[in-house]
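A.B. asks: Protein chains in written order, with our numbering: chain L, 131 to 518; chain H, 131 to 518; chain Y, 131 to 518; chain C, 131 to 518.
None of these hints come from the bench; they were simulated from the model. Certain hints may be false.
Unchecked claim - With a Cα cut of at most 27 Å, we get these calculated BS3-like pairs of lysine-lysine:
1. LYS361/C x LYS361/Y
2. LYS415/C x LYS295/C
3. LYS295/L x LYS238/L
4. LYS361/H x LYS361/L
5. LYS361/L x LYS415/L
6. LYS295/Y x LYS358/Y
Number of protein chains: 4
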Amino acid sequence: MKIGGMMINGELQLARPLRWGMVGGGRTGQVGYKHRTGALRDGTYHLVCGAFDVDAARGRDFGMRVGVAEERCYDSYQALIAAETARADGVEVVSVATPNFTHYEITKALLSAGIHVICEKPLFFSVAECDEIAALAREKGLIVGVTYGYTGHPMVAQMAAMVAKGMLGEIRIVDMQYTHGFNAGDDTGASEAQQWRVDPARSGGTFVLGDIGTHLQYLSEIVLPHLKIEKLLCDRTAFIPSRAPLEDHATVLMHYDNGARARLWVSSVDAGQMDAQRYRFVGAKASVEWHAARPDELLYEVQGEPSRILHHGMPYLEEEGHEYDRMGALHTEGLGDSWANIYLWIAQAIAGNPPARYPDMAAGTSGVRWLENCIRSAEAGGAWVDYA
Amino acid sequence: MKIGGMMINGELQLARPLRWGMVGGGRTGQVGYKHRTGALRDGTYHLVCGAFDVDAARGRDFGMRVGVAEERCYDSYQALIAAETARADGVEVVSVATPNFTHYEITKALLSAGIHVICEKPLFFSVAECDEIAALAREKGLIVGVTYGYTGHPMVAQMAAMVAKGMLGEIRIVDMQYTHGFNAGDDTGASEAQQWRVDPARSGGTFVLGDIGTHLQYLSEIVLPHLKIEKLLCDRTAFIPSRAPLEDHATVLMHYDNGARARLWVSSVDAGQMDAQRYRFVGAKASVEWHAARPDELLYEVQGEPSRILHHGMPYLEEEGHEYDRMGALHTEGLGDSWANIYLWIAQAIAGNPPARYPDMAAGTSGVRWLENCIRSAEAGGAWVDYA
Amino acid sequence: MKIGGMMINGELQLARPLRWGMVGGGRTGQVGYKHRTGALRDGTYHLVCGAFDVDAARGRDFGMRVGVAEERCYDSYQALIAAETARADGVEVVSVATPNFTHYEITKALLSAGIHVICEKPLFFSVAECDEIAALAREKGLIVGVTYGYTGHPMVAQMAAMVAKGMLGEIRIVDMQYTHGFNAGDDTGASEAQQWRVDPARSGGTFVLGDIGTHLQYLSEIVLPHLKIEKLLCDRTAFIPSRAPLEDHATVLMHYDNGARARLWVSSVDAGQMDAQRYRFVGAKASVEWHAARPDELLYEVQGEPSRILHHGMPYLEEEGHEYDRMGALHTEGLGDSWANIYLWIAQAIAGNPPARYPDMAAGTSGVRWLENCIRSAEAGGAWVDYA
Amino acid sequence: MKIGGMMINGELQLARPLRWGMVGGGRTGQVGYKHRTGALRDGTYHLVCGAFDVDAARGRDFGMRVGVAEERCYDSYQALIAAETARADGVEVVSVATPNFTHYEITKALLSAGIHVICEKPLFFSVAECDEIAALAREKGLIVGVTYGYTGHPMVAQMAAMVAKGMLGEIRIVDMQYTHGFNAGDDTGASEAQQWRVDPARSGGTFVLGDIGTHLQYLSEIVLPHLKIEKLLCDRTAFIPSRAPLEDHATVLMHYDNGARARLWVSSVDAGQMDAQRYRFVGAKASVEWHAARPDELLYEVQGEPSRILHHGMPYLEEEGHEYDRMGALHTEGLGDSWANIYLWIAQAIAGNPPARYPDMAAGTSGVRWLENCIRSAEAGGAWVDYA
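Next up, chain L with everything else stripped away, as it sits in the complex (with noise of 0.2 Å):
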């Protein structure tokens, strides 16, 4: 440990790169370009394979472009498992960037095919599915992972050694929020992204809850494992109208076993907001602060003394903030370095020494089951929910 410093430096984690490959991702997606610079960047995958698109043709186009061979370059992801299964270099892990509504066939069928995975969040439709990919999983002895992005930066890993060592005494309130305003407009002439995302027949129950409020979940959940919550209610609406049932705006208060209170606020209608993804968590004796926009500053709030701002790369930190610093303090890190840790992590637990938490099958299934609860707290009209 080189306290002070930067941890990351490029040498390969692993006895050997992995052979990876991706469904979806391709030239259209938003979110391709992240899944591979985070993968990529460390020599820890290789990009072997892929069936990037819907599109066959453009698919295939896009994948020699990001160094796969044409051979590789498969029309679905059906052939890419048939494919690859029969190769001795076949693929070892897939990364599954499609919607929401093929998560779960394509994992499963992955899985089947002894191939690891790494899969969009929200990961399934329900706790059931879930469940019985986990066990696949078990069963075969391979890895979910999944791409909760933002929490690869340092700081969180830093908000929760904090916690743990009980710096802030014991938590009270947790408020978080991930609000935009790229849905303020109707959803006329939106891309296919969007669309999928507002029909409940390929989004889920959820539109914001699931594709956005899923992030605040998991990284509570990182910085609060000792919590569990013990009630629920959450409180949603659709303020363009054709998106109802699914929700553009949700506000969630939630109570823990420890008696903590938490409000968790879920929005694309937020008008123009652009400091988009905050968290506080508050205990007994101090508070943190924590917004992904500005992500290598920690506000560090001890009750009657100086408010604090922790830089990261910073020799003050504790040593859980410093392992997975990638530029070193007054070098920012931005979202595709926290990337890179998640699918660092990810490698690490495929080659079967996973670190003390990473996005998994577990993180994904709660998140499932957090979906579950907001959705039955809504259906009773925004009532109080026991969790289950």
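Following the hints, position chains H, Y and C against chain L.
C.D. replies: The following block gives chains H, Y and C in isolation, referenced to the frame of chain L:
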């Protein structure tokens, strides 16, 4: 109207200064100086008498030190009323800066004696009391002003003007917060002012909802005069158990009659919080956000355009945002300047020339009504209640 | 000393209020209200007379509107002196809020008549004038105060205390800036106040150096009373040519006697700048940084530790940072509060009980000396000059 | 051009990847990972060889850990050149991440062997060296790129576009700063990297001017390509005496040929400074301000209008501000993303398709020329010198 410059320059806005007195607000009080610095700076009020302190001797000494003649420093509000109503030059308006449980009786006595009242918030304990006092004031032709001290800042008027002119579009979301951590520890050894605030008999049915939440509620009414609350849910708790059944933390959700949704968060255990009081009003097109800790700036975010920061005193503001500016651009307005405007507006009302809006009897009643609804929801276990 | 609370509560700090008058500062002036709101709020000064305006009728009307008796609203400062010195209850102290070129003659006349003076900056045109007036004041036993209006904020005292106590270590670097863009365009149609500021005959040998640069220089003297300037270089220019030889932009470099280096930037053509006035004092161990636009916050950065934000009114401040706090923690202090402290300190000096430091004749002289050195350097082509 | 989205998605911008090597940048270096994460993420460069370390064994072990074949991990740059030029698949471009004093000889040797060079800044010790190398590169038809790593951020291109399109008006003032406090203490026990930086024989004639000041100078050239420096003054000092005659603090004043004035401040003893690197460009109508610590935001201030904050990835940016965006709106770009663009641009130049501007040999030379002028002024006692 001198657009771009300051409107207030100290010239008397009335025919003559008002003869003014205080009940409470003496040497040991927290809020007395805010009343005085608000009232005295422009010559609108002359402080002629007071019953400044429950410790009569200390109150007399104090009164003389703020320029009141010894014989007009009284031992009690009853003595003040008796003596002043007997004078030809008796007091015309009295400010009540005493614990909550005394507001009703003192206000009633002053009005009955023909004296205008300026009272701290929360005004009284029940809407019934408010209605009775309102009727009395009406009958007597007297003014009751309420010191919602933040709402005099020019940027509050600017926000209201922007909403009224449709610059935000139809309002969808309101997010409000007034939280601090000064009561994160328990009340052992607390000041007298803190002790009565957590005693239901002396504070009324709430602690932080009444103490600071009413500021949020009133300011939102100024900005959104056209919206009515239809449903409300109040989830409150006391993290310091001795404060129960009163709360040191509460989240209030509200649905308005146009479909808009609000969240209001109030707490005095938000450890380390110094950006205490904030408002975000989100419309279909744009949002405005105001932080009381940096009151001269207004964040105006039109979806799809660069974020804008509006500064007080600048010519591009709406006319309403200029009218009560005191310092001019580049020169900070403080809380004292906001109080000065509140006191000026109440003086104008007393002089028969009320501004379009000021914190009047109706505003005070509205705050008490809101507290009653919060309590009703909280006592039903944090359930939704129809606003009544 | 009530650590953690506010010190100022409106109780009179003197045996009795001072009888106060103004020359200038009438209805059309920019700065008159700042004088009045500073002087009047605590009952320390009673405004008894004035020659408020070169337009005598307008000045009389204005004076009556700010509560001055008609017969004590004078047509000129000469008339004011003549009449007031003839009264038993004549004015004791007069504020001079007139264009720069009149400061010397009015101050001299007032002092000669036995009247204390509070004068705008820059005080006079030359150190020779200052020395003459200082001798006169000394001979008469009178006070000359200078309205460096920003320096009354409690955070300025806090910075000075931190430096004095060695919390920063030996001072190495000073970086100061007072820039805005309100004169980015030319002076066609400019206000009278702007016109005299760019006329060498009426402004003195500088425009922005005198108008706003002297604020920087005086505040740095408060924080660094132990340092002396040894060398200085002034690089100035007029981006609007009609302002030459006066400057609308200047950079001043300074070497102090301990080896410290300073940069001071002053401009009125810094288009769009709203964070106008800032100070950074860097020592061997730590730095403090203060922005006048957010005066209640102080950035305190110890090398190798988290950055700290200190907030006004908080118990952790040095005692000096509390003494003249007016609003208390969480409640913003504005520029008016700072002016109130300046006026209070000058009143204490007049009453024979001066505070440890206030903007006195020596402070005014020091500012004029600094301007003389700046001009000398600028006229030598921006060359280094030994400070004289 | 996909306005409003990201341009870079990982598709290869060249016909094939470049065969790339490194001299220096091994396990103990500070900057090696920035080179690798910049070069490798998009498949543009394949790391095929290196002489990573003066400790040859450590360098070989490191090289193998970053995926280089053992036989292409060399003991010295001489060995690298000898072996690689003998291979049919020899290295095409080599990055030089070694101490300053070795840049010239390594670059010369690489170019002489027909290998393109990417070199750390400051490039060499003199303009004469630069001119010699430039001639050699020209003769050989080879590229020399310089890693001004901050200038790849899309907001830098945005600023340049805004200036070029006249959105600021004629440029008047430039204010630049790159300061930190990591060398506030003395160099006892300092790292090897720090020791050579304060040794004139190994660092060249400057410490912080070369180490960080050249970043400021190059970025200003990108934004202001139409302006030429006419006069310059450099006031430098070493607060840690052992660093003399090199400087740990310097202020540079510059006059441009259009009359504009600049201040550049560079220091490594600015204790506690974490907002290290900033730029403000002021025109007759408006200003832009960019802080490298929050690189995704650009402050755009038009005089007389609300301040605007522009965010990366948004459709309202100029086309130039989109072209090399990688993450898209709401998703932070870090320093690694900026380096990735620099490496991409150099690759495009090597491939014969250079972008309109990239940090080339001329940029490196310009930085060295600027340092020579700074030294000349400093050695003349901080005097003005005509820029040569």
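A.B. asks: Each of the hints needs a verdict: does it hold here or not?
C.D. replies: Status of each hint after checking the structure:
no.	hint	in the structure
1	LYS361/C x LYS361/Y	holds (21 Å)
2	LYS415/C x LYS295/C	holds (13 Å)
3	LYS295/L x LYS238/L	violated (39 Å)
4	LYS361/H x LYS361/L	holds (21 Å)
5	LYS361/L x LYS415/L	holds (25 Å)
6	LYS295/Y x LYS358/Y	holds (19 Å)
The structure fails to meet hint 3 from the earlier list, while all remaining hints are met.
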